[in-house]
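Chains as they are written, first to last, in UniProt numbering: chain A, 1 to 326; chain B, 1 to 308.
I should point out that these hints are in silico values taken from the structure, not numbers from a laboratory.
The reader is advised that the hints may include incorrect statements.
[Stated by the list, open to error] When the alpha-carbon atoms are kept at most 35 Å apart in a straight line, the in silico DSBU-like pairs for lysine-lysine are as follows:
| id | chain 1 | residue 1 | chain 2 | residue 2 |
| --- | --- | --- | --- | --- |
| 1 | A | Lys142 | B | Lys221 |
| 2 | A | Lys5 | A | Lys151 |
| 3 | B | Lys221 | A | Lys67 |
| 4 | A | Lys122 | A | Lys242 |
| 5 | A | Lys95 | A | Lys67 |
| 6 | B | Lys221 | A | Lys82 |
| 7 | A | Lys151 | B | Lys267 |
[Unchecked claim] Distance windows between CB atoms, simulated:
| id | chain 1 | residue 1 | chain 2 | residue 2 | range |
| --- | --- | --- | --- | --- | --- |
| 8 | A | Pro312 | B | Asn220 | 48 to 56 Å |
| 9 | B | Phe298 | A | Asp102 | 46 to 54 Å |
| 10 | B | Phe128 | A | Lys67 | 52 to 60 Å |
| 11 | B | Leu6 | A | Pro261 | 55 to 63 Å |
| 12 | B | Leu127 | A | Asp262 | 55 to 63 Å |
| 13 | B | Asn220 | A | Gln125 | 39 to 47 Å |
| 14 | A | Lys90 | B | Ser254 | 58 to 66 Å |
| 15 | A | Asp102 | B | Asn220 | 20 to 28 Å |
| 16 | B | Gln124 | A | Asp266 | 30 to 38 Å |
| 17 | B | Gly166 | A | Asp102 | 54 to 62 Å |
| 18 | A | Pro284 | B | Met142 | 36 to 44 Å |
Values in this document were obtained by computation on a predicted structure and should not be read as measured data.
Quick reminder that beta carbons are idealized off the backbone N, C-alpha and C, glycines included.
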Amino acid sequence: MKDNKNLLEIKDLSIHYITDDGTVRAVEEMNLEIGVGETLGLVGETGAGKTTTALGIMNLVPNPPGKIIGGEIVFEGEDLVKKSQSELRKIRGNKISMIFQDPMTSLNPVMTVGDQIAEVVKLHQNVNAAEATERAMEMLEKVGIPGTRHKDFPHQFSGGMRQRVVIAIALACNPTLLIADEPTTALDVTIQAQVLDLMRNLKHEFNTSMIMITHDLGVVAEVCDKVAIMYAGNVIEYTDVKRLYTSPKHPYTIGLFGSIPDIESDESRLKPIKGLMPDPTNIPSGCPFHPRCPKAMDICSQRKPKNTEVEPGHFVKCLLFENTEK
Amino acid sequence: MHKYILRRLLMLVPVMLGVTLIVFTMMHFTPGDPAKIMLGESAPEAEVIKLREELGLDDPFLVQFGRYVFNAVQGDIGRSYTTNRPVAIEIMERFPSTLKLAALGVLVSVSLGIPTGIISATRQYSLFDNIAMVAALLGVSMPNFWQGLMLILFFSVQLKWFPSSGFSTPSQMVLPALTLGTSSAAIITRMTRSSMLEVIRQDYIRTARAKGQAESIVINKHALNNALIPIITVIGLQFGYLLGGAVLTESIFSIPGVGRLMVESIKARNFPVVQGGVLFIAITFSFVNLLVDILYAFVDPRIKSQYK
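Chain B on its own, in the form it takes in the complex (with noise of 0.2 Å):
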């Protein structure tokens, strides 16, 4: 187990170095000079060729790039073109929150989707199963933020129940959570339910009726416990976008996150930030992918003596 988790961190080294290679690449045809952005469009032409000297933007790609990965592995991923503070910082600034509102969405969506998931399975095309199935097509396919918009009109101009922006009290957080956390909730209760069906009809599930169990125990120990696998996947699936991409609910909710600081410095040509920005996401990916990897072990015994 622990040699299996040791290779998989090895693995994320070419990871990051593809990420960053995209990324960086990606960056550098982008139409549009830092340098005349930072200085402002009437700033003299002198002024910004020598800015553009010390930023090392006139270098050829691959020397820009090895000086990036260089300076990357010794943990220096640049300055703010704009606020000239270290890029790694503002990101730390802003993750506390893209996290906690991350953590709702998934919040949201589990206890949403697992239980509703369970009772489609077991009472399948009854009406419940119908509605439920309805809904999840409608939470899937609602854009978040028509939907976040939507929210807002309802819950805080009509109902003034809850603020429409910040993200620092509890109330402030139920909106952006909802937001998030529908279309999450709408796969994980469709995976719940496919799941838990093809589970329900296997013998040891008759084995366990047989042995005088209650109903709800074979449905929520013995089958949930054999369905999970496919659930947690999506769930981490879920959760590692909620973590890079709540660029939109993040915006509309004014919430001081990642994905706004994304938003707002690749609106400035502010490089180094959406650099360290999307590196930092892949690794946040790849960490939630390892983690739900490792739970795979503590739920599937089978699955933990392949880990060896």
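The shape of chain A in the complex, shown without the other chains (with noise of 0.2 Å):
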């Protein structure tokens, strides 16, 4: 896991969102690598901090109220939590980019899928105008809707073919770095299969490294190479998808192995996780997660766990390895 060749990492990373309410402390002090080609799954329950995390490698974390608060997130090389707004708009939609979570509102209605994805052609490509309706047309064709259809507008389309079209804006300009974030969640059970094998495909066929928001287990395991598992804010296991599968560490990734449901076992119910996730602007003290944790013990509430190495390239935030370390 050690690659020298990172395209991107991210240390030490916290973003909070300042409200009236209170301070939500979306990601707290995280950290990733992502290899050129490689595949990062980031999985969490909703409200742990994934799509924050997307949005500030972009550095499109609504602001006010969000705010990055420390930490560096470099790509290739340079840090982007220090970079302009002008230098950021050369990177977003040209070297890194992202696809959106909904398809049905994530594209401009007033505006057709072809200039939608000739805009970000012509922002980043010295092109005419012609020459990115060509373009755009190629890239429709290449997710699999005629290119001819580059004057229809989004509402002439399904769901799936929306999230097509959304995913041939991010790829327009053959990005080094594609966000996804819950591409599938969205969209019906078959088209989810058809728009991953597609994503699977291109990045390929670029050889784009990938970092993939999701939910499901599942996806997790069908494209990622390694995988950070998300809760309120922090990065509790990392490591890659292999070991994660045959030897999950920390209770919360265990638990949530458990709430799948799997067609070779007896049981015939689930074992969901206790709880539900804390309210974000009054996160429990000590480890986030030991109100709802079967192993908690009495320091779980009293000091956080630090980011511990289990195995080589295996992290896991939990007291529990901590101790077995010392």
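Given two chains presented individually in distinct reference frames, assemble the corresponding complex, making use of the accompanying hints.
Structure (structure tokens):
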């Protein structure tokens, strides 16, 4: 895992939302790395801070109330947090692009899909309008939509096709990093598989690195190389896919696997994780997971766990493992 | 689209009939005898009766109404009691001034209202936004006639920058256009602000930013184009009102427009002109509305697909 050619390194990143009702620590001291061509899965429940992380990388966290409090986002050797908006605009949509969660609302309803793809091409590549349109038609073909439909508006497409258009926009400039924020959540199961296939093929074709945000462990197993599990703004477990599936360490991760139905087991009931995600303005002291944790100890409510490397390339934020190390 | 426009034009027929009936009824039951007013208070009783007969004022209500509609369909909406000229010509002579005034009023209100609304929305709760919203509140609450008089006092009487009456030179048009445009500007500002506030929180605005698009284009192209529908609606309504309802402004600045013609005609019980005027205003209002509905289709392709 210690690859020197990391495309993206996130170091101690913290993003907070400062509201009248209190401060939401959406992302807390996050550390992640992504190599060239690698796919990282970012897994967690709704509200765990996955989308905020993604918007943080794009520097698009709505501000106010959101703010990057500290840390670095090093992309191709340069810290994105320190960059100006005009420098960032040259990276957004060009080197880093994002596929959004809801295809029904992510496209501008009064612009043709062709214009929406051509827009990003014109912004980042030295082409005239005709060439940009041609490129837009090519991209449509690439995601399986006839190029002749570039003059159609979003409302003339189905949800799955709109998501393909969103993907076409994201890939139009051959980004080196693609952030996919639950790209299949809003789609039917059959369409989900098609879209995942499409993304995997295009990723191979362009050797794009990818951050796949999802709450679906099945999707992770299919497309990811590495996985980071998030809980209440913290990455609580971070390792490669194989190790995560064979030997999950954090009680929350184990709980997640317990809540997936398994055809082969005889059990008739799923084992859900007890309780709910904590109120984001009022995160429990110590380890944020301790009130729901089946293995909670007294110390868990008093001290925040540190990021512990339990085996090479396998990081866990849990006091259980910090203690065994000592 | 053509079928839609045709259907809308056909719908004007019942609207016109309804408007005519209402105005006709109201005028019919208004106290005051036109014949007496035309001939003067001291005219002999016999002449008044003769004139009443000539004008058909003694016929039953429905007969009078039927006759009016029958003539109107053929393009004859009667003659003015005071000048004995065709009402249609009287109105058309006055209409250019009214149209010019309304157009200038809308120009003032749009060029003030839309930019202010956009800036207010992008800087919600900022000092600019707060000042703009207070100004908008003042703009809608200030009575038109009072504002007009204040403008005359300040700019005509004190500073002597602009003349206080007339409507033929550009400098004569400044004060009336400002007076007429202020309240519309305030309404358009508020509508632009709220519509933009709703749109700039949409996902597709985030998509546009994620493409690396400059903020000015994100706001002025992606957001504004989506926020336009309610703004156009308000502009259309305001234009319609200004076309027919500039009575006060026209009176204050002595502008020979349709509004002032109507006021004079009401005072003189000049029924045909009042009826013709109201009918004319109703028609222009309906046309402006139709125009707005057609504009929708060009702004929003989702609406265009419904116009079949």
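Each hint tested on the structure:
no.: 1; hint: A:Lys142 <-> B:Lys221; in the structure: 28 Å, holds
no.: 2; hint: A:Lys5 <-> A:Lys151; in the structure: 41 Å, violated
no.: 3; hint: B:Lys221 <-> A:Lys67; in the structure: 27 Å, holds
no.: 4; hint: A:Lys122 <-> A:Lys242; in the structure: 41 Å, violated
no.: 5; hint: A:Lys95 <-> A:Lys67; in the structure: 23 Å, holds
no.: 6; hint: B:Lys221 <-> A:Lys82; in the structure: 28 Å, holds
no.: 7; hint: A:Lys151 <-> B:Lys267; in the structure: 59 Å, violated
no.: 8; hint: A:Pro312 <-> B:Asn220: 48 to 56 Å; in the structure: 53 Å, holds
no.: 9; hint: B:Phe298 <-> A:Asp102: 46 to 54 Å; in the structure: 27 Å, violated
no.: 10; hint: B:Phe128 <-> A:Lys67: 52 to 60 Å; in the structure: 22 Å, violated
no.: 11; hint: B:Leu6 <-> A:Pro261: 55 to 63 Å; in the structure: 59 Å, holds
no.: 12; hint: B:Leu127 <-> A:Asp262: 55 to 63 Å; in the structure: 60 Å, holds
no.: 13; hint: B:Asn220 <-> A:Gln125: 39 to 47 Å; in the structure: 23 Å, violated
no.: 14; hint: A:Lys90 <-> B:Ser254: 58 to 66 Å; in the structure: 60 Å, holds
no.: 15; hint: A:Asp102 <-> B:Asn220: 20 to 28 Å; in the structure: 25 Å, holds
no.: 16; hint: B:Gln124 <-> A:Asp266: 30 to 38 Å; in the structure: 58 Å, violated
no.: 17; hint: B:Gly166 <-> A:Asp102: 54 to 62 Å; in the structure: 59 Å, holds
no.: 18; hint: A:Pro284 <-> B:Met142: 36 to 44 Å; in the structure: 56 Å, violated
Going down the numbered hints, you'll see the structure goes against 2, 4, 7, 9, 10, 13, 16 and 18, while the others check out.
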